[in-house]
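Assemble the whole structure, with the sequences as input and the hints as a guide.
Heads up, the sequence shown is in my numbering, so the first residue is 6 and it goes up one at a time.
If you are wondering where the hints come from, they were derived from the structure by calculation, not from laboratory data.
You may find that some hints are simply not true.
Below 25 Å or equal to it, Euclidean Cα-Cα: the simulated DSS-like pairs (lysine-lysine) are [to be verified]:
| # | residue 1 | residue 2 |
| --- | --- | --- |
| 1 | Lys116 | Lys136 |
| 2 | Lys136 | Lys167 |
| 3 | Lys192 | Lys271 |
| 4 | Lys217 | Lys167 |
| 5 | Lys167 | Lys116 |
| 6 | Lys243 | Lys192 |
| 7 | Lys97 | Lys294 |
| 8 | Lys217 | Lys243 |
| 9 | Lys27 | Lys53 |
| 10 | Lys97 | Lys116 |
| 11 | Lys136 | Lys27 |
| 12 | Lys271 | Lys217 |
| 13 | Lys136 | Lys186 |
| 14 | Lys271 | Lys186 |
| 15 | Lys271 | Lys294 |
| 16 | Lys271 | Lys167 |
| 17 | Lys116 | Lys271 |
| 18 | Lys186 | Lys243 |
| 19 | Lys167 | Lys294 |
Keep in mind it's a predicted model, so treat the numbers as computed, not measured.
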Amino acid sequence: MLDNLYELRAFLTVAQAGSFTKAAAQLGVSASALSHSIRKLEEQLDIKLFNRTTRSIATTDAGEQLFHHLQPLFESIEHNVNALSEFRNTLKGRLRINGNDHAFAFVLWDKLIAFSRQYPEVELELVSETKFVDIVAGRFDAGIRLGADVAQDMIAVRLSDKMQMAVVATPDYLADHGTPKNVDDLKQHNCLLIRLQSTDSIMQWEFRPNPKSQQPIRFQPRGRLTFNNSHLITRAVKDGQGLAWLPIDSVQAELERGELVEVLNKYAISYDGYHLYYPNRRQNSPLFKALVEALRV
6 MLDNLYELRA FLTVAQAGSF TKAAAQLGVS ASALSHSIRK LEEQLDIKLF NRTTRSIATT
66 DAGEQLFHHL QPLFESIEHN VNALSEFRNT LKGRLRINGN DHAFAFVLWD KLIAFSRQYP
126 EVELELVSET KFVDIVAGRF DAGIRLGADV AQDMIAVRLS DKMQMAVVAT PDYLADHGTP
186 KNVDDLKQHN CLLIRLQSTD SIMQWEFRPN PKSQQPIRFQ PRGRLTFNNS HLITRAVKDG
246 QGLAWLPIDS VQAELERGEL VEVLNKYAIS YDGYHLYYPN RRQNSPLFKA LVEALRV
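Here you go:
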């Protein structure tokens with residue numbers, strides 16, 4: 006019989022992080038103390054759970070089996086403990102949400118801040134990435150993506166209306182380089198690029214040739230500056246470095262002040278809005294229900 010559950014929690018954290026250093030930081034202990042706990046667990050079970058080298062750590066077959074069996078059990082314990090907060094007329098717990106910069110900063114920010122103020126004992130961790138992640142394997146409670154990108158086996162709740170894209174530049178840039186009249190004209194311009202984390206490729210720009218068209222025009226932009234997030238692209242376009250393809254609401258204030266100008270607006274494309282998605286085991290948690298109600302349209 007195990008003395009306590011700490012070693013099992015430590016095991017789950019190390020297996021998920023793939024590193025003693027990262028896991029120790031999450032647990033608030035030293036790497037050596039964490040390594041000692043894992044050794045103790047392996048001795049109790051008389052089974053090797055990790056293959057260790059000087060540079061990496063990975064679960065053995067036995068460790069992988071234990072991880073997949075224990076993870077949902079610990080999540081269930083955590084959710085049931087958090088559910089007791091309803092008897093205190095408040096909510097308490099921790100929520101990890103995966104999304105992207107635009108969703109967090111421009112679509113959901115006010116709602117997330119209002120939720121945080123309403124439930125001051127709830128810890129929110131917002132992880133912004135451009136790549137698609139497995140929210141279950143990544144131990145996220147939920148993810149936020151455009152509707153078309155949500156996996157079919159997930160429950161999805163709409164969070165926003167359609168997202169409209171826009172090609173923008175400064176008036177000075179357009180005065181110096183000309184204003185593109187059609188998509189093909191973009192070949193003559195310096196486009197500000199974003200590299201996708203998931204594929205390591207440059208993101209294509211998409212346009213709608215006419216309102217009734219179902220098939221978008223895909224354009225492969227070229228330029229001298231490449232970024233991995235939209236914040237830096239916004240900064241670069243405001244500094245007159247080229248044309249940027251961005252969600253229009255992320256530059257709405259600059260457009261209204263005349264700092265930026267939209268071009269090719271007759272070709273602008275819209276995408277299905279953002280959705281919160283999550284596995285069905287999350288839906289019965291009072292804390293998670295409160296989050297869904299706070300964010301949904």
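Going through the numbered hints above, which ones does this structure break? Give me the numbers in ascending order. When the structure is compared with the hints, numbers 8, 13, 15, 17 turn out to be violated.
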